[in-house]
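Undergrad: Using the hints, position chain Y against chain L.
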Amino acid sequence: MNLKRQKTKPVDKTIRFSSPGDLRAALGEQNYIAGDEIATIMYLSQQLGKPLLTEGPAGVGKTELAKAIASATCRELIRLQCYEGLDETKALYEWEYAKQLLYTQLLREKLHETLAGTESLSAAADRLENEEEVFFSMRFLLQRPLLKAILSEQPTVLLIDEIDRADAEFEAFLLEVLSDFQVSVPELGTLSAIYRPLVVLTSNNTRELSEALKRRCLYLFIDYPSIEQEMAVVRLKVPELSPKLAMQAVEMVQSLRTMDLRKSPSISETLDWAKALVALNATKLDKSTLNTTMSVLLKHENDLQRAKRWIENPPVSGFPTDEDDWRTTRTRN
Amino acid sequence: MEERIARFITALRSSGLRISLSESTDAFKAVEEMGVKNREIFRLSLQTTLVKEAENLPTFDELFSIFFGNSDVPTFMSAADDITPEEAQQFAKGIEQLNDQLRRMLERLLKGEMLSQQELERLSKMIGLNQMDDMRYRDWMVQRMKRALHFKEVQEALRMLEETLQQLGMNKERSQRLVQLMQANQRALVEQLRQFSGQRIAENMTNKRKEVSADALINRPFNTLSDKDMEILRKEVQHLASILRTRIALRMKKARSGSLDAKSTIRANLKHGNVPIQLKHREHSLKPKLVVICDVSTSMRYCSELMLSLLYHLQDQISKTMAFAFIDHLEFISPDFTNKDARQAVSHVLERMPSGYYNTDLGKSLQDFHRNYLEVIDGRTTLIVVGDGRNNYNDPQLDIFRKVTRRCRRAIWINPEASALWNSGDSDMLRYSPNCDVILTANTLAQLTSALDRLLIH
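These protein sequence lines map, in sequence, to chains L and Y. Last residue of the first sequence: number 333 in our numbering, and the count goes up by one each step with no gaps. Last residue of the second sequence: number 791 in our numbering, and the count goes up by one each step with no gaps.
If we strip away everything but chain L, and leave its shape as in the complex, we get:
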């Protein structure tokens, strides 16, 4: 890619939405069921050009939202998975030393030729200086996700996944990129974005994010879905499951979520379970089916035991809500 080409802006072939309803319908086409909240906030993020920070329990479809919006807008999805110790060389760019060395070796002849006829060492160095650009050009720049999103000729969706896992310093570094969408590479100068990418950050809230980052983002909290929404998702993604059984399964998962478990089952686990039920040709949720398939839903031994005990002796109220008053689950997405 040539730097000079950036000056003429290529035509934007991607889709922009004209209203939240429009966006919601487009997401629906991608098999992503979005509530008003998600659609409106996503639309605002497009209009204001601000990054979107989504938070919520694991497995409620935060990453899925970014994927869906990318295919709904026909944009390329560029994903940056965060982890502890992630740094600029892995996130932004790196010079490809090996390739540079190899080229110098292979081009030795040519170098000899270029430098032939110079009288002094300094004259040779001067001449070499003119050719320096060759070795520090985009050719040898290894583009990592952030730089890729900035240099892309078409608008992209940049997904920064699980930002809470990265270190605080990386977060600070990200601030600069997110506010201006430009990076400076000392050897090349400042590279700025042709089109601002649509940025989606996800966080599982394992640590507090810095206020500076939050200030620059729009905030979307995605919680476990309501019973109707979850039902719709199951019907959409696992159509083979009979509606009656699907309803029972969803009700079961919803009531499991009210229990004080170490890891509550999320939508992705509901879907896995639904698929398991289809695979086993289950016709109803009886004790033996539950016993064999429950481990798809619950991933901790303790949780499993508790859930089994609860199924065997359901409390009179029907919901085991005695211990979870402290947890305010907001079911609204």
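Heads up, some of the hints might be wrong.
[Stated by the list, open to error] DSBU-like cross-link-like pairs, simulated, lysine-lysine; straight-line CA separation at most 35 angstroms: (1) L:Lys299 with L:Lys244; (2) Y:Lys444 with L:Lys263; (3) Y:Lys561 with Y:Lys622; (4) L:Lys90 with Y:Lys458; (5) Y:Lys736 with L:Lys299; (6) L:Lys67 with L:Lys110; (7) L:Lys90 with Y:Lys613; (8) Y:Lys370 with L:Lys13; (9) Y:Lys622 with L:Lys299; (10) Y:Lys568 with L:Lys263; (11) L:Lys99 with Y:Lys613; (12) L:Lys284 with L:Lys263; (13) Y:Lys604 with L:Lys148; (14) Y:Lys561 with L:Lys99; (15) L:Lys99 with L:Lys67; (16) L:Lys110 with Y:Lys604; (17) Y:Lys622 with L:Lys90; (18) L:Lys90 with Y:Lys736; (19) Y:Lys622 with L:Lys263; (20) Y:Lys485 with Y:Lys444; (21) L:Lys67 with L:Lys284; (22) L:Lys67 with Y:Lys444; (23) L:Lys67 with L:Lys237; (24) L:Lys90 with Y:Lys604; (25) Y:Lys458 with L:Lys148; (26) Y:Lys479 with Y:Lys561; (27) L:Lys148 with Y:Lys362; (28) L:Lys13 with Y:Lys362; (29) Y:Lys479 with Y:Lys458; (30) L:Lys67 with Y:Lys370; (31) L:Lys99 with Y:Lys604.
The set of hints was computed from the structure by calculation and includes no laboratory data. Computed from a predicted model, the values in this text were never measured in an experiment.
TA: Relative to the frame of chain L, chain Y by itself:
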């Protein structure tokens, strides 16, 4: 509308949300973009730009419904046109024996009249609603207004009324309907009170004078802090802890003084034909093990609480913390901190350990520590004592203190008192001091933070 939004943001701020100027600008931009016609979209535009933490969403919702509520006046139904003159007479007779106030109230419920603005004003003056500037008092205020309107008695009277009316010859269905209607009106009245108190408190919140900023408070001595100041400082602790954490993380990154790692140096330099061009160092381990002994008597409580909450916010930078608290005896309090914040934990500890008058006894507490917990101290442990060293003329047990401090790597004493006061009265500070490696004076939160920062340098 713009002014309304600005007031709404002020109210959000005064109920504890941190909203920066750029965020409020975003909110206005978002509203401009999306318009105000659709209430739900308007709400979402404000929510996504102003609220950045899930735990603040309920506060937002509550205030939003007050500021931009569709202010549905609760519906009151009048039964006055519905009843026959005969029934009206029966009703009047039925409430005859009640006292004046109750009779007026019941008549009001029958007619379905709502409270007038003047009546509401009088009521709010009576119960002190005008001074309230915190949403948490809303329900309490409604309770008080209900009490002032004798709601309980009215309910009682309504229950009796149905019977009385039947005895007076009204048919059963009619009397039931009448009473049900009046009960519905009473519920509507409660709703009116709720709305009114919410709006009034919200107004007071926006007019509230600016609180002393946290910046000023962190430089204020512990013994001059009020409960309200403490409230602000507790929030500030989190902020300070995150600053400290970044500083520690940076320091760790820059510290290259870890010892040479021969194994990985050889491995890294294989490609250079085993000429050690690249040196590899071991990770610099900075994580200390801490044993904290805190004085939680009345004079030291704030200092200890802030210290403990700072420490517990920095758990990821410390390999292990064992916390002990004492007044007249010593207790192991680390278990109290699991799943709780420092404030709850400290108040939980204080419930078990009521502070009496002049009963602080560090000597005996050190004895307890020596007897039961000495094994928690080893060569990697840093011992921190938070206390003023005032022993009420009890035996300071210097021997034991010396023994304990010899076992640990470092002994640090954090004392809120200035060193000039150490020799006065019942202070044993100067007698303890030779056994401490470092003595830090921390009389404000700022000093406490910098003390902690120094403590985490190795």
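Undergrad: Determine for every hint whether it applies to the structure shown.
TA: The hints, checked one at a time:
1. Taken as a hint, the L:Lys299 and L:Lys244 pair is honoured in the structure, with Cα atoms around 26 angstroms apart against an allowance of 35 angstroms.
2. Between Y:Lys444 and L:Lys263 the alpha-carbon distance is near 55 angstroms, which puts this suggested pair outside the 35 angstroms criterion.
3. Among the hinted pairs, Y:Lys561 with Y:Lys622 is consistent with the structure: their alpha-carbon atoms are about 33 angstroms apart, no more than 35 angstroms.
4. Only pairs whose Cα atoms come within 35 angstroms are accepted, and L:Lys90 paired with Y:Lys458 is rejected, the gap being roughly 64 angstroms.
5. Taken as a hint, the Y:Lys736 and L:Lys299 pair is broken in the structure, with Cα atoms around 49 angstroms apart against an allowance of 35 angstroms.
6. Between the alpha carbons of L:Lys67 and L:Lys110 the distance comes to roughly 47 angstroms, so the proposed pair goes past 35 angstroms and is violated.
7. With a CA separation close to 20 angstroms, the supplied pair L:Lys90 and Y:Lys613 stays within the 35 angstroms bound.
8. Using a Cα cut-off of 35 angstroms, the hinted pair Y:Lys370 and L:Lys13 holds, with the two alpha carbons roughly 32 angstroms apart.
9. With a C-alpha separation of about 33 angstroms, the suggested pairing of Y:Lys622 with L:Lys299 holds against the 35 angstroms cut-off.
10. Proposed proximity of Y:Lys568 and L:Lys263 is supported: the alpha carbons are some 29 angstroms apart, at most 35 angstroms.
11. Taking the CA atoms of L:Lys99 and Y:Lys613, the gap is about 25 angstroms. The hint holds against a cut of 35 angstroms.
12. Of the supplied pair hints, the one linking L:Lys284 and L:Lys263 holds, its CA atoms being roughly 25 angstroms apart against a limit of 35 angstroms.
13. With a CA separation close to 31 angstroms, the supplied pair Y:Lys604 and L:Lys148 stays within the 35 angstroms bound.
14. This hinted pair does not check out: Y:Lys561 and L:Lys99 have alpha carbons roughly 63 angstroms apart, beyond 35 angstroms.
15. Between L:Lys99 and L:Lys67 the CA atoms are separated by roughly 33 angstroms; this keeps the pair inside 35 angstroms, and the hint holds.
16. For the suggested pair L:Lys110 and Y:Lys604, the alpha carbons sit about 28 angstroms apart, so the restraint of at most 35 angstroms is met.
17. The hinted pair formed by Y:Lys622 and L:Lys90 meets the criterion: a straight-line CA distance of about 33 angstroms does not exceed 35 angstroms.
18. Proposed proximity of L:Lys90 and Y:Lys736 is contradicted: the alpha carbons are some 51 angstroms apart, above 35 angstroms.
19. About 31 angstroms separates the Cα atoms of Y:Lys622 and L:Lys263, which keeps this hinted pair within 35 angstroms; it holds.
20. Of the supplied pair hints, the one linking Y:Lys485 and Y:Lys444 holds, its CA atoms being roughly 20 angstroms apart against a limit of 35 angstroms.
21. Proposed proximity of L:Lys67 and L:Lys284 is supported: the alpha carbons are some 34 angstroms apart, at most 35 angstroms.
22. Restraint check: the Cα-Cα separation between L:Lys67 and Y:Lys444 comes to about 60 angstroms, which exceeds 35 angstroms; the hinted pair is violated.
23. At roughly 16 angstroms between alpha-carbon atoms, L:Lys67 and L:Lys237 fall within 35 angstroms of each other, so this suggested pair holds.
24. For the hint pairing L:Lys90 with Y:Lys604, the CA-to-CA distance comes to about 23 angstroms; that is within 35 angstroms, so the pair holds.
25. Restraint check for Y:Lys458 and L:Lys148: not satisfied, since their Cα atoms lie roughly 64 angstroms apart, outside the 35 angstroms limit.
26. Taking the CA atoms of Y:Lys479 and Y:Lys561, the gap is about 29 angstroms. The hint holds against a cut of 35 angstroms.
27. With a C-alpha separation of about 29 angstroms, the suggested pairing of L:Lys148 with Y:Lys362 holds against the 35 angstroms cut-off.
28. Between L:Lys13 and Y:Lys362, the direct Cα distance comes to roughly 27 angstroms. Compliance with the 35 angstroms bound is thereby established for this hinted pair.
29. For the hint linking Y:Lys479 to Y:Lys458, the alpha-carbon distance of about 14 angstroms falls within 35 angstroms, and the restraint holds.
30. For the proposed pair L:Lys67 and Y:Lys370, the alpha carbon gap of about 31 angstroms is at most 35 angstroms, so the pair holds.
31. Restraint check for L:Lys99 and Y:Lys604: satisfied, since their Cα atoms lie roughly 17 angstroms apart, inside the 35 angstroms limit.
Violation of the numbered hints given earlier is confined to hints 2, 4, 5, 6, 14, 18, 22, 25; the remaining hints are satisfied by the structure.
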